[in-house]
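Q: Taken in order, these protein sequences are the chains called A and B.
In case it helps, my numbering puts the first sequence at residues 16 to 431.
In case it helps, my numbering puts the second sequence at residues 165 to 440.
Hints are not guaranteed to be accurate.
Dumping the calculated DSS-like pairs for lysine-lysine here, alpha-carbon to alpha-carbon at most 27 Å [stated by the list, open to error]: (1) Lys315(A) <-> Lys294(A); (2) Lys315(A) <-> Lys335(B); (3) Lys294(A) <-> Lys335(B).
Hints were generated in silico from the structure; no laboratory data involved.
Here the structure is a predicted model, which is why all the values come from computation and not from measurement.
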Amino acid sequence: MTEQGNLAPLALDRADARVKHEAGIGGAVRAFLDRVRSGDLGSLPVIVGLVVIWTVFTSLNPVFVSSSNLVNLLFDCSTVGIIALGIVCVLMVGEIDLSVGSISGFASAMVGTLWVNQGWPVALAILAALAFGALIGALYALLFNRLGMPSFVSTLAGLLAVLGMQLYILGSTGSINLPYGSALVDFGQLMVMPKWVSHTLAAIPGLAMLVSGLRTFARRRAANLSTPSVTGLVLRVAAITIGLELIVAYLNQSRGIPWMFGLFVGLVVAMNYALTRTKWGRSMTAVGGNREAARRAGIKVRAIYLSAFALCSLFAALGGVLAAARLASASQQAGTGDVNLNAIAAAVIGGTSLFGGRGSAYSALLGIIVIQSIASGLTLLDLSSSLRYMITGAVLAIAVIVDSLARRSRASHGRA
Amino acid sequence: MSESPERSASVGELVLSLRGISKNFGAVSALTDIDFDVHAGEVVALVGDNGAGKSTLVKILAGVHQPSSGTINFRGRPVTLPDPRAALTLGIATVFQDLALCENLDVVANIFLGNEISPLRLDEVAMEMRAWTLLNELSARIPSVREAVASLSGGQRQTVAIARSLLLEPKLILLDEPTAALGVAQTAEVLNLIDRVRARGLGVVMISHNMEDVRAVADRIVVLRLGRNNGVFEPDASNQDLVSAITGASNNAVSRRAERLRAERDHSAQAGEQRP
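Start from the sequences, fold in the hints, and give me the full structure.
A: Written as structure tokens, this is what we have:
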């Protein structure tokens with residue numbers, strides 16, 4: 016790029032001589048370090064944290080990194096991970112939903128009652144549960160948009176009210192067993208991808224990156240804009256593809272990749288596309304960053320809040336249905352305890368800001384892997400849940416501290 | 165300056181016409197019975213003291229506030245502006261005093277906010293190209309359109325806000341204090357830009373406290389005082405007239421200061437004559 020710049024006319028976005036532009040791979044590394052130093056951390060803290068957690072647990076009990084334990088970890092990640100994905104949506108617009116645990120519990124109770132007790136087809140029961148979830152979210156949005164009720168309060172009220180509804184429909188028995196051998200329970204406990212499917216799926220992200228990267232390259236060159244380095248792109252694609260294939264090969268040594276985890280990752284990828292590459296996602300980020308500016312730009316702010324709250328509750332209900340499948344039961348305990356806070360913690364630990372306007376769908380994936388790693392590691396060490404709560408709490412506190420410090424640093428370095 | 169021939173010749177059809185606009189905030193009436201016209205190819209300056217209602221009037225035209233009473237005619241048809249989207253759709257673009265940019269988004273995203281190209285698969289390349297074209301037309305000095313707006317200076321943000329207002333090819337542009345945050349060169353660029361916008365046949369409403377900027381570009385100067393119309397002036401009106409219209413009396417802080425300075429100067433001149 017630099018050599019061309021001296022001869023050919025400058026690219027449209029490189030005409031200003033006062034701006035330093037990093038070129039090549041060394042430049043990319045330098046730019047990355049610059050970003051980190053000024054507080055634009057991205058997923059760096061969570062990856063560092065994950066390495067630390069895995070090293071500690073592996074040194075304490077080598078079973079932790081065994082293939083079969085990691086496959087179990089992926090099964091456990093999927094349910095709360097999907098709930099955390101919904102939390103990312105509400106955090107993006109700077110709001111919160113504290114009732115996701117209750118909604119997931121109620122959704123599992125609904126599936127249990129409608130499917131097992133009332134004899135509905137299972138698909139219809141699941142659809143009803145999901146629709147109910149979306150409806151609760153729409154109600155929060157209505158309270159927020161029309162009455163100005165802070166989401167913190169309305170969802171806190173929802174936490175209690177929906178929990179009450181869950182206890183009510185479960186009645187005196189308190190728990191409903193889902194039939195073993197049914198497709199839903201198999202999906203939650205047993206179904207894994209055949210090896211060739213998982214290896215093929217692991218190759219797709221790299222290929223997609225390569226194709227879209229090359230297309231962007233060609234289009235930017237045609238438009239006389241500066242072009243990113245192709246070598247860097249190829250190196251990134253190679254690293255990602257090799258990394259994913261190795262992980263898949265390792266997990267395939269035992270049971271393999273759960274379909275449920277595949278569903279979770281699919282939803283994460285879809286949400287990431289929606290948040291970064293569509294007008295809706297742009298509007299979500301804008302509303303989270305500066306609500307009044309978004310309104311003056313002609314964005315339908317109320318509709319954006321509605322979509323955020325409804326999606327969050329919808330994902331919570333889906334997570335609840337999958338949790339019921341995982342446990343093969345819908346009980347009064349479903350969705351209570353730490354589900355709520357684990358989901359919120361996962362989104363924040365993964366790097367979605369509590370202050371709105373910053374975040375990524377991938378933070379749900381990374382964050383829930385951190386949280387489930389801690390849970391799984393402590394279970395392997397035969398430690399009680401009291402200790403697990405304390406450690407998860409400490410990790411959450413650290414994550415929020417990192418978020419706040421990075422935010423302050425960004426402000427002083429002139430980054431958003 | 166004010167007698168340039170193309171200025172009066174290019175004034176065309178009536179774009180915007182307000183009749184009897186009032187706006188109350190609770191017990192406070194911010195605007196009372198305002199009449200206001202803008203023609204195509206005309207720059208109307210809106211001046212007045214702090215609290216005269218200039219920004220309120222602009223916000224009504226932008227759809228941010230709704231008038232308590234009165235009618236708005238836009239291009240010959242009566243219209244209502246219930247929200248900013250309605251104003252944008254009609255072709256009224258606004259650069260707000262506080263700019264209304266999203267600091268967490270980059271320059272391209274801010275310029276295209278609410279009007280992204282291909283909503284389901286954002287066309288970043290096309291948007292970046294259009295953004296550079298707009299910014300270059302304004303002779304903008306923006307280091308990178310992929311930086312978040314948080315990292316830009318006040319003048320750069322102003323330019324981004326103006327570029328955004330031009331994106332939709334509006335019929336009427338409202339500029340609330342467009343030069344307040346700018347340096348000498350950039351102020352000149354913005355005034356040039358206003359000239360260019362007028363030459364394209366758009367109506368321009370500009371709020372400013374800077375009488376020099378106002379005289380430099382305005383075809384008409386509309387004075388508001390305490391929420392009421394207080395006179396319309398030609399750009400070559402005397403400073404004295406303008407100031408008294410703005411402050412409401414010929415005896416005011418500005419005229420008293422001028423009086424005092426003149427008296428002191430006369431006094432020292434007399435003293436100088438007496439010295440030899």
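Q: Can you confirm whether the C-alpha distance between Lys315(A) and Lys335(B) stays at or below 27 Å?
A: OK: Lys315(A) and Lys335(B) at ~23 Å, within 27 Å.
Q: Quick one, are Lys315(A) and Lys294(A) close enough, alpha carbons at most 27 Å?
A: It holds: about 12 Å lies between the C-alpha atoms, which stays within 27 Å.
Q: Could you grab the alpha-carbon distance between Lys294(A) and Lys335(B) and see if it respects the 27 Å cut-off?
A: It holds: about 25 Å lies between the C-alpha atoms, which stays within 27 Å.
The structure agrees with every numbered hint stated previously.
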